[in-house]
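One line per chain: the protein sequences are A and B, in this order.
Those letters in the first sequence? Residues 0 to 249, by numbering that gives the first Met the number 0.
Those letters in the second sequence? Residues 0 to 264, by numbering that gives the first Met the number 0.
Treat the hints as calculated values from the structure; they're not laboratory data.
Hints may contain errors.
Stated by the list, open to error - With beta-carbon atoms standing in for the labels, derived distance ranges:
{"#": "1", "chain 1": "B", "residue 1": "Glu180", "chain 2": "A", "residue 2": "Gly144", "range": "46 to 54 Å"}
{"#": "2", "chain 1": "A", "residue 1": "Ile197", "chain 2": "B", "residue 2": "Gly21", "range": "34 to 42 Å"}
{"#": "3", "chain 1": "B", "residue 1": "Ser134", "chain 2": "A", "residue 2": "Lys49", "range": "52 to 60 Å"}
{"#": "4", "chain 1": "B", "residue 1": "Glu180", "chain 2": "A", "residue 2": "Pro101", "range": "34 to 42 Å"}
{"#": "5", "chain 1": "B", "residue 1": "Ser129", "chain 2": "A", "residue 2": "Leu240", "range": "55 to 63 Å"}
{"#": "6", "chain 1": "B", "residue 1": "Glu117", "chain 2": "A", "residue 2": "Asp89", "range": "40 to 48 Å"}
What the hints assert, rightly or not - Residues of chain B clear of chain A, computed beta-carbon distances all greater than 12 Å:
{"#": "7", "residue": "Asp81"}
{"#": "8", "residue": "Val101"}
{"#": "9", "residue": "Glu106"}
{"#": "10", "residue": "Ser134"}
{"#": "11", "residue": "Gln172"}
{"#": "12", "residue": "Arg257"}
Said to hold, decoys possible - Chain A regions said to be covered by chain B (calculated; three or more residues, Cβ under 8 Å):
{"#": "13", "segment": "145 to 152"}
{"#": "14", "segment": "158 to 171"}
In this text, all values refer to a predicted model and were calculated from it rather than measured experimentally.
Note that the Cβ used here is the ideal one computed from N, Cα and C, for glycine as well.
Next come the chains, spelled out residue by residue.
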Amino acid sequence: MTHLKALLIRYSPLVLLAALWEIASRSGLVSSLALPPLSDVAIAWLDLAKSGDLWTNGLASMTRIGAGLGLAIVIGAVLGVLMAWWRALDRLLGPLVEMLYPMPKSALIPVTALWLGFGDASKIVLIFLGCMLPVILGAYNGARGADQALIWSARSLGASRLATLWNVVVPSALPEIANGIRTSLALSFVLLVSAELIVARKGFGYLIGFLGEGGTYDAMFAVVLTVALLGFIADRLYNALVRWGFRWQQ
Amino acid sequence: MSTMSELISIDGVCHTYTPAHGREVLALDNVSLQVQRQEFVALLGPSGCGKSTLLYLIGGFLPVTQGSIRVDGKPVGGPGPDRGIVFQHFALFPWKTVRGNVLYGLEKMGLPRAEREERARTFIDMVGLSGFEESYPSQLSGGMKQRAAIARTLAIDPGILLMDEPFGALDAQTRGLMQAELLRIWRGSPKTVMFVTHDVHEAVYLARRIVVMSARPGRVKAVIEADLDRADPQLTKSRAFIDIVDEVWSLVREEAVRAERYRAE
Ligand SMILES: Nc1ncnc2c1ncn2[C@@H]1O[C@H](COP(=O)(O)OP(=O)(O)OP(=O)(O)O)[C@@H](O)[C@H]1O
Ligand SMILES: [Mg+2]
Numbered sequence: 000m001t002h003l004k005a006l007l008i009r010y011s012p013l014v015l016l017a018a019l020w021e022i023a024s025r026s027g028l029v030s031s032l033a034l035p036p037l038s039d040v041a042i043a044w045l046d047l048a049k050s051g052d053l054w055t056n057g058l059a060s061m062t063r064i065g066a067g068l069g070l071a072i073v074i075g076a077v078l079g080v081l082m083a084w085w086r087a088l089d090r091l092l093g094p095l096v097e098m099l100y101p102m103p104k105s106a107l108i109p110v111t112a113l114w115l116g117f118g119d120a121s122k123i124v125l126i127f128l129g130c131m132l133p134v135i136l137g138a139y140n141g142a143r144g145a146d147q148a149l150i151w152s153a154r155s156l157g158a159s160r161l162a163t164l165w166n167v168v169v170p171s172a173l174p175e176i177a178n179g180i181r182t183s184l185a186l187s188f189v190l191l192v193s194a195e196l197i198v199a200r201k202g203f204g205y206l207i208g209f210l211g212e213g214g215t216y217d218a219m220f221a222v223v224l225t226v227a228l229l230g231f232i233a234d235r236l237y238n239a240l241v242r243w244g245f246r247w248q249q
Numbered sequence: 000m001s002t003m004s005e006l007i008s009i010d011g012v013c014h015t016y017t018p019a020h021g022r023e024v025l026a027l028d029n030v031s032l033q034v035q036r037q038e039f040v041a042l043l044g045p046s047g048c049g050k051s052t053l054l055y056l057i058g059g060f061l062p063v064t065q066g067s068i069r070v071d072g073k074p075v076g077g078p079g080p081d082r083g084i085v086f087q088h089f090a091l092f093p094w095k096t097v098r099g100n101v102l103y104g105l106e107k108m109g110l111p112r113a114e115r116e117e118r119a120r121t122f123i124d125m126v127g128l129s130g131f132e133e134s135y136p137s138q139l140s141g142g143m144k145q146r147a148a149i150a151r152t153l154a155i156d157p158g159i160l161l162m163d164e165p166f167g168a169l170d171a172q173t174r175g176l177m178q179a180e181l182l183r184i185w186r187g188s189p190k191t192v193m194f195v196t197h198d199v200h201e202a203v204y205l206a207r208r209i210v211v212m213s214a215r216p217g218r219v220k221a222v223i224e225a226d227l228d229r230a231d232p233q234l235t236k237s238r239a240f241i242d243i244v245d246e247v248w249s250l251v252r253e254e255a256v257r258a259e260r261y262r263a264e
């Protein structure tokens with residue numbers, strides 16, 4: 000109960016903001032074209048939900064994020080740890096990762112569209128490529144930072160080199176991998192919506208663009224808020240999962 | 000030079016650290032030492048004289064680049080469970096509980112599950128950590144971590160025990176208990192022990208031979224025999240014991256003073 004109360008207090012500024020929004024728009028302080036009243040947005044949301052548009056487009060978007068991010072996490076973590084463990088691979092891929100990491104990933108949108116068209120594949124590959132980099136970097140740094148004495152401990156307790164990689168290096172890298180994934184999670188939403196706004200026939204981004212062009216701004220806002228809320232929920236859930244997974248860290 | 004009863008044979012070993020940044024450090028300079036099978040040897044010397052380095056070389060964690068180290072006649076290769084080590088800074092797996100840490104080596108030995116659990120319980124109990132089986136290292140005090148690390152190493156029953164200040168973080172009372180416990184284990188299943196300590200009293204109490212090392216670069220300054228009757232409960236009050244402690248003390252003090260002067264220069 001006190002937990003719930005703390006949550007309510009923490010997020011009360013949002014309620015205030017919602018009220019201000021409603022008042023500003025209803026009173027004509029802000030043009031209701033630029034900012035439709037929140038209550039209208041809520042009604043538009045219900046209509047979108049009833050018509051099914053929200054779900055079909057939402058499902059498309061979530062599938063793309065799930066596939067792209069899933070691939071990025073698995074392949075990125077494996078590559079990062081192997082690069083830290085195996086110097087030759089570091090030499091080969093290190094410069095590539097360094098060069099691509101600071102690049103604005105949205106620059107890849109036209110490239111993946113050119114290669115793979117307007118459908119799911121181009122979005123999945125875009126998210127995969129963009130989100131893999133923070134995971135690789137986290138895994139690499141985490142594995143490099145593995146305590147020498149822990150590796151020695153495992154070896155003197157009878158672990159083979161391979162077992163040491165799996166039993167010591169990988170767990171040592173996990174906290175940094177988790178940080179990388181958190182960055183990627185946020186990035187995946189950015190990439191998804193941008194790509195869908197520009198080149199897509201389905202998805203949240205497409206729906207936002209479509210409704211905006213048609214002038215149904217209350218519905219457009221409804222989708223924007225939905226995406227924002229989903230991103231927020233994903234981040235919170237992820238944080239809770241990480242805290243539980245790393246309870247040994249205190 | 001070496002005969003059959005020597006288990007660890009260290010001949011003319013030098014070790015230089017060459018860090019990626021910073022200057023080279025000559026940590027060990029021409030160290031030779033023969034350790035008999037089932038012998039208990041203590042290693043004393045001022046901080047930074049290379050005691051840990053010597054254990055790491057025997058353990059196979061650092062490569063021997065000059066001189067040779069043989070264990071049972073064979074040059075040491077990599078690390079292995081025949082040489083158990085208790086690290087100065089414990090090196091417990093932070094993501095495993097006390098029980099998980101102790102079980103790790105037993106799993107690698109391939110023991111059946113029931114036997115692993117049984118052994119883990121025995122050794123956790125022996126170091127006085129029953130009730131803390133499910134605690135993570137971050138939830139333990141320094142002394143408790145040290146005891147968990149000792150249990151983890153003893154559990155796999157290595158023929159050679161390399162112990163790097165294993166009781167350094169313990170209070171005087173627990174330290175006394177652990178010393179007696181270690182002697183009891185050693186009598187029950189004699190192992191070859193190399194025991195690093197800063198505590199002269201502890202060294203003389205535990206070890207048949209005490210090796211005093213010189214300030215950096217580490218050399219063997221003196222080897223003192225302490226052929227005492229360790230079953231005697233009055234041992235630490237005996238004349239013979241006190242004389243040896245005094246002798247070792249004066250050797251160690253000389254080196255500590257030299258190390259201090261070296262630092263001041
Ligand atoms: N990884 C390293 N890189 C460079 N120099 C090192 C490294 N490890 C140890 N040294 C140096 O080698 C020397 C011996 O170190 P070592 O840890 O073996 O000493 P020690 O006798 O165990 O000291 P203490 O009693 O403080 O534990 C020290 O002077 C130290 O500065
Ligand atoms: Mg040391």
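Structure-based check of each hint:
Evaluation of the 46 to 54 Å hint for Glu180 (chain B) and Gly144 (chain A) yields a failure: the beta carbon distance comes to about 35 Å. Evaluation of the 34 to 42 Å hint for Ile197 (chain A) and Gly21 (chain B) yields a failure: the beta carbon distance comes to about 52 Å. Separation of Ser134 (chain B) from Lys49 (chain A) is about 54 Å and conforms to the stated range, judged on CB atoms against 52 to 60 Å. At roughly 57 Å, the beta carbons of Glu180 (chain B) and Pro101 (chain A) sit outside the given window of 34 to 42 Å.
For the pair Ser129 (chain B) and Leu240 (chain A), the supplied restraint of 55 to 63 Å is violated, since their beta-carbon distance comes to about 33 Å. A C-beta distance of roughly 44 Å is found between Glu117 (chain B) and Asp89 (chain A), which places it inside the suggested range of 40 to 48 Å. Residue placement check: Asp81 (chain B) does not keep its beta carbon more than 12 Å from all beta carbons of chain A (closest about 9 Å). Taking the minimum C-beta to C-beta distance to chain A, about 10 Å, the non-interface status of Val101 (chain B) is violated against the 12 Å cut.
In this structure Glu106 (chain B) is not separated from chain A by more than 12 Å, as the shortest Cβ-Cβ distance comes to only about 9 Å. Annotated as non-interface, Ser134 (chain B) brings its C-beta within 12 Å of a C-beta of chain A; the closest such distance is 10 Å. Distance check on Gln172 (chain B): its Cβ is at least 28 Å (rounded) from any Cβ of chain A, clearing the 12 Å threshold; non-interface status holds. With a least CB separation of 29 Å from chain A, Arg257 (chain B) remains clear of the 12 Å interface cut-off, as annotated.
By the rule of at least three residues with a Cβ nearer than 8 Å to a Cβ of chain B, the coverage given for the segment 145 to 152 of chain A holds, with 5 such residues. Counting residues of the segment 158 to 171 of chain A whose beta-carbon sits less than 8 Å from any beta-carbon of chain B gives 5, enough to reach three: the coverage restraint holds.
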